[in-house]
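*Asks:* So the sequences go chain by chain: A and B. Using our numbering, the letters of the first sequence map in sequence onto residues 1 to 495. Using our numbering, the letters of the second sequence map in sequence onto residues 1 to 102.
Because the hints were derived from the structure by calculation, they are not lab data. Any given hint could turn out to be false.
What the hints assert, rightly or not - Calculated Cβ distances over 10 Å to all of chain A for the following chain B residues:
#1 F10
#2 E12
#3 G43
#4 G45
#5 Q47
#6 P48
#7 S67
#8 T69
#9 S70
#10 T71
#11 G72
Unchecked claim - DSSO-like mimics (lysine-lysine), calculated; alpha carbons at most 30 Å apart, straight line:
#12 A:K335 x B:K62
#13 A:K338 x B:K62
#14 A:K416 x A:K335
#15 A:K416 x A:K435
#16 A:K163 x A:K73
#17 B:K62 x A:K264
#18 A:K264 x A:K207
#19 A:K416 x A:K338
#20 A:K264 x A:K281
All C-beta atoms, glycine included, are put in the ideal place defined by N, C-alpha and C.
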Amino acid sequence: MRRSTAWLVACLLLAGCASTHFENFPLSGGTENPERRAVDVSHEERPLILVAISGGGSRAAALGWVILREVAKFRYGTDGQTRSLVDDIGVVSSVSGGSVIAAHFALYGPDGLERFAPDFLVPDNMRTIGINAVDPVTWSRLAITGASRIDVVEALFDNQLFKGKTFLELNQPGKPYLILNATDMATGEVFAFTPKRFDDICSDLDKELISSGVAASSAVPIVLSPVAFQNFSASHCPGRPIPQWITTRLNGRFAPYLNLETFKLARYANDLRQGPNSLRKIDYLYFVDGGLADNLAIHGLLETISSPYAAPIIAARDSGLPAGATVLDALNMGKIKKIVVLVINARADAANTLSQSASRPGIVDMVNSVTSIPLSATTASVASQLEVLLAQLNAAAGGGGPGNPQFTGLKVYAVKVDFDQLRDGDPHHRELRAKANNIPTLWSITQENREVLEETGIVLLHQHPCFQRLLLDMNIAASFIDPSFAKMGCRQSSD
Amino acid sequence: MAIEYLLVTFPEPRAVLADGNGVGFTNHTLMLPTDEYLISLAGTGYQPPNQDIALSGTSLVKPMVISFTSTGARAPATPPSASPGGASERRSEGKKKKKKNA
Numbered sequence: 001m002r003r004s005t006a007w008l009v010a011c012l013l014l015a016g017c018a019s020t021h022f023e024n025f026p027l028s029g030g031t032e033n034p035e036r037r038a039v040d041v042s043h044e045e046r047p048l049i050l051v052a053i054s055g056g057g058s059r060a061a062a063l064g065w066v067i068l069r070e071v072a073k074f075r076y077g078t079d080g081q082t083r084s085l086v087d088d089i090g091v092v093s094s095v096s097g098g099s100v101i102a103a104h105f106a107l108y109g110p111d112g113l114e115r116f117a118p119d120f121l122v123p124d125n126m127r128t129i130g131i132n133a134v135d136p137v138t139w140s141r142l143a144i145t146g147a148s149r150i151d152v153v154e155a156l157f158d159n160q161l162f163k164g165k166t167f168l169e170l171n172q173p174g175k176p177y178l179i180l181n182a183t184d185m186a187t188g189e190v191f192a193f194t195p196k197r198f199d200d201i202c203s204d205l206d207k208e209l210i211s212s213g214v215a216a217s218s219a220v221p222i223v224l225s226p227v228a229f230q231n232f233s234a235s236h237c238p239g240r241p242i243p244q245w246i247t248t249r250l251n252g253r254f255a256p257y258l259n260l261e262t263f264k265l266a267r268y269a270n271d272l273r274q275g276p277n278s279l280r281k282i283d284y285l286y287f288v289d290g291g292l293a294d295n296l297a298i299h300g301l302l303e304t305i306s307s308p309y310a311a312p313i314i315a316a317r318d319s320g321l322p323a324g325a326t327v328l329d330a331l332n333m334g335k336i337k338k339i340v341v342l343v344i345n346a347r348a349d350a351a352n353t354l355s356q357s358a359s360r361p362g363i364v365d366m367v368n369s370v371t372s373i374p375l376s377a378t379t380a381s382v383a384s385q386l387e388v389l390l391a392q393l394n395a396a397a398g399g400g401g402p403g404n405p406q407f408t409g410l411k412v413y414a415v416k417v418d419f420d421q422l423r424d425g426d427p428h429h430r431e432l433r434a435k436a437n438n439i440p441t442l443w444s445i446t447q448e449n450r451e452v453l454e455e456t457g458i459v460l461l462h463q464h465p466c467f468q469r470l471l472l473d474m475n476i477a478a479s480f481i482d483p484s485f486a487k488m489g490c491r492q493s494s495d
Numbered sequence: 001m002a003i004e005y006l007l008v009t010f011p012e013p014r015a016v017l018a019d020g021n022g023v024g025f026t027n028h029t030l031m032l033p034t035d036e037y038l039i040s041l042a043g044t045g046y047q048p049p050n051q052d053i054a055l056s057g058t059s060l061v062k063p064m065v066i067s068f069t070s071t072g073a074r075a076p077a078t079p080p081s082a083s084p085g086g087a088s089e090r091r092s093e094g095k096k097k098k099k100k101n102a
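If we strip away everything but chain A, and leave its shape as in the complex, we get:
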């Protein structure tokens, strides 16, 4: 007893002495992070699928896994061969629990989906975390290295899924463009683990552990400590020029009035680059759960489609587009004829009895409300931006003046799956929804709850009119397709 007390005291003392463990690396030579991925848009019959996976611990990881596995089952003919829809996923954006399956899918591809359940969903991860958390070896390591509680979770991701692999292995031709979103604790801004964002802090993304990005995206505040980064802009990229899009926004007369969001994005990028007239001095960054800024990870998709952070991922081969073109470039040149946005929302609305109680709610209920209501409102605001954007893309497809034939025929499929889409009028749906909503946000999930999500995910995907419409338009046969429902529920301007 005396020995263990002494051990604990020693660890705590060491912890007090240890400096913070920073998890990123400087960009050598002040160069830029390369972009090696390339989405092929040279085949008009192939859709471009953009996926967003929400937060929600293992519930989100499991729902994302179920949906991706289901999408993989649908095949169509192209170039005399059959191809799975899952191979058309070009972009995956995620937060928190969704980042676990998103990064796994981006790294191992569709073939890795079968491994995800035995490697992550079946094991009792909470037990592993608990054992590690009380292990004196872990404590001494944390104390000596300056690591923290988040490192226990990061180690779980690394040991079970990512095996020491870095973003270098994600950023390769043929891989989907992965956007792991974290929240910058000091500013509340979304910080995506992408090459362009890492350019802003002069940090080498290739050297970063994938598990570090997933942990940053899922560092639930208070329960877990933030992931710590250094800003290397001043030390390793001094005097580099500020990109023109930033100076246009910050010095422009109209920019703050026309598009405040992009203006703020430019200001944050300028702060990270330690450019002139910075609003904040940012030497260190502390990342918490990306769900705080946008729990649907839609922000990443918006940026991919139409922001200065749009990924230059469109392959030049046979497409007539220049190398480094973005999704918007490809849309503007009429190279994308079908764009699918698949949003997987694993938000659980656990039932409470507040509305039936005559007793004033206590502090726990109030804390729950003040944390969840603003988060839902922020997420809803970002989601509505995406809906506007997709509606406008759809409207453009209707054609107009003589200068825009390239938009004609563009089809937009917004497939958003959400437990709330289970029908009240169907007793089985009601039961599924109640069960799904009661799955806790933890890093473990029971077999029973996994089975609930397997059934729920498939129901939600199959019943969505835009998923049915996509299959219909691609001549993919499925017994659940109701053509009139699909056409009415997912109208296209080009109809």
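Please arrange chain B on chain A, whose structure you already have, making use of the hints.
*Replies:* Coordinates of chain B only, in the frame set by chain A:
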């Protein structure tokens, strides 16, 4: 986020750059988010060197139309990113234009 429509006219097909990034080609309506942009063309031989636009209030049938005129010099029809340098060259092209205008 709202989408606007921009038509950049020029006597020949040229890549259109918004803040130094290629966004499409001349004489085709382009979609861009509502915002302020510095519009230029790839290559040389056109006037003015760039145009600062406030892109808002457009529609597909009534895009914002801006024109560049040719000064006679020949230039490539694709943006500089078509070369192996890709995105980074695209950015440096933007910087060059900025210096040129300074």
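*Asks:* Evaluate each hint against the coordinates.
*Replies:* Evaluation of the provided hints:
1. F10: Non-interface label on F10 (chain B) holds, nearest chain A Cβ at 13 Å vs cutoff 10 Å.
2. E12: Given that every Cβ of chain A is farther than 10 Å from that of E12 (chain B), nearest at about 15 Å, it holds.
3. G43: holds (12 Å)
4. G45: holds (19 Å)
5. Q47: holds (20 Å)
6. P48: Given a closest Cβ separation of 16 Å, the condition holds.
7. S67: Holds: least Cβ distance 13 Å, greater than 10 Å.
8. T69: About 18 Å separates T69 (chain B) from the closest Cβ of chain A, which puts it past 10 Å; holds.
9. S70: holds (19 Å)
10. T71: Correct as stated: the minimum Cβ-Cβ distance to chain A is 23 Å, above 10 Å.
11. G72: holds (24 Å)
12. A:K335 x B:K62: Judged against 30 Å, a Cα distance of about 23 Å means the pair holds.
13. A:K338 x B:K62: With a Cα-Cα distance of about 25 Å, the restraint between K338 (chain A) and K62 (chain B) holds, given a limit of 30 Å.
14. A:K416 x A:K335: holds (24 Å)
15. A:K416 x A:K435: Given pair K416 (chain A), K435 (chain A) holds - Cα atoms ~20 Å apart, limit 30 Å.
16. A:K163 x A:K73: holds (28 Å)
17. B:K62 x A:K264: holds (29 Å)
18. A:K264 x A:K207: Holds: K264 (chain A) and K207 (chain A) sit about 29 Å apart, inside 30 Å.
19. A:K416 x A:K338: holds (16 Å)
20. A:K264 x A:K281: Distance of about 15 Å is within 30 Å: holds.
Checked against the numbered hints above, the structure violates none of them.
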